[in-house]
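Please build the complete structure, drawing on both the sequences and the hints.
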Amino acid sequence: MAATKKKSSTKRSSGRKYGKAASKRVASAMRRRKKGTLKSGRGGKGGTVKSRKQAIAIGLSEAREKGAKVPRKRAAKRGTKRSTTKRAARKK
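For the sequence shown, our numbering assigns the number 684 to the last residue and increments by one with no breaks.
Treat the hints with care, as some may be off.
List time: in silico SDA-like cross-link candidates among lysine to any residue, alpha-carbon distance up to 25 Å [what the hints assert, rightly or not]:
id, residue 1, residue 2
1, 612, 622
2, 612, 658
3, 645, 608
4, 665, 615
5, 665, 649
6, 669, 632
Label pairs and their calculated CB-CB ranges [stated by the list, open to error]:
id, residue 1, residue 2, range
7, 608, 637, 27 to 35 Å
8, 610, 670, 23 to 31 Å
9, 656, 595, 40 to 48 Å
10, 645, 616, 16 to 24 Å
11, 628, 595, 47 to 55 Å
12, 607, 665, 33 to 41 Å
Derived from the structure by calculation, the hints contain no laboratory data. It should be emphasised that the depicted structure is a prediction, and the values quoted were computed from it without experimental measurement. Think of the CB as a built atom: it goes at the ideal place given N, C-alpha and C, for glycine as much as any other residue.
If you want it as structure tokens, here you go:
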């Protein structure tokens, strides 16, 4: 019997999702987090970053600013704000 490849239903483009420059930025952010010099917020005025996920997010956003190959951010969910305004309008 010949082995046949099963086609997946999801469409994937070939190649890397994130560029090499993006991974370097993330690695740098992780080192700064371990050292204790990675800050959050505008201009680094926020507190020291403790979370691993936050360090990755900061590294990716820095890579985006520099024009590295990074997928776009997901759109923020706005459903909660609208539902409260509808309820307030209904009560009147």
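Status of each hint after checking the structure:
For the hint pairing residue 612 with residue 622, the CA-to-CA distance comes to about 15 Å; that is within 25 Å, so the pair holds. This hinted pair checks out: residue 612 and residue 658 have alpha carbons roughly 13 Å apart, not beyond 25 Å. The suggested pairing of residue 645 with residue 608 holds, with an alpha-carbon distance near 21 Å, which does not exceed 25 Å. Between the alpha carbons of residue 665 and residue 615 the distance comes to roughly 16 Å, so the proposed pair stays at or under 25 Å and holds.
Note on residue 665 and residue 649: the hinted pairing holds, with a Cα-Cα distance of about 10 Å set against a maximum of 25 Å. For the hint pairing residue 669 with residue 632, the CA-to-CA distance comes to about 22 Å; that is within 25 Å, so the pair holds. For residue 608 and residue 637, the hinted distance range of 27 to 35 Å is satisfied, since their beta carbons lie about 34 Å from each other. Distance hint for residue 610 and residue 670: a CB-CB separation of about 27 Å, consistent with the stated range 23 to 31 Å.
Between residue 656 and residue 595, the C-beta spacing of about 42 Å keeps the proposed range 40 to 48 Å intact. At about 19 Å, the CB distance of residue 645 to residue 616 agrees with the hint of 16 to 24 Å. The supplied range of 47 to 55 Å is met by residue 628 and residue 595, whose beta-carbon atoms lie about 53 Å from each other. Between residue 607 and residue 665 the CB atoms are about 20 Å apart, so this pair departs from the stated range of 33 to 41 Å.
Checked against the numbered hints above, the structure violates only hint 12.
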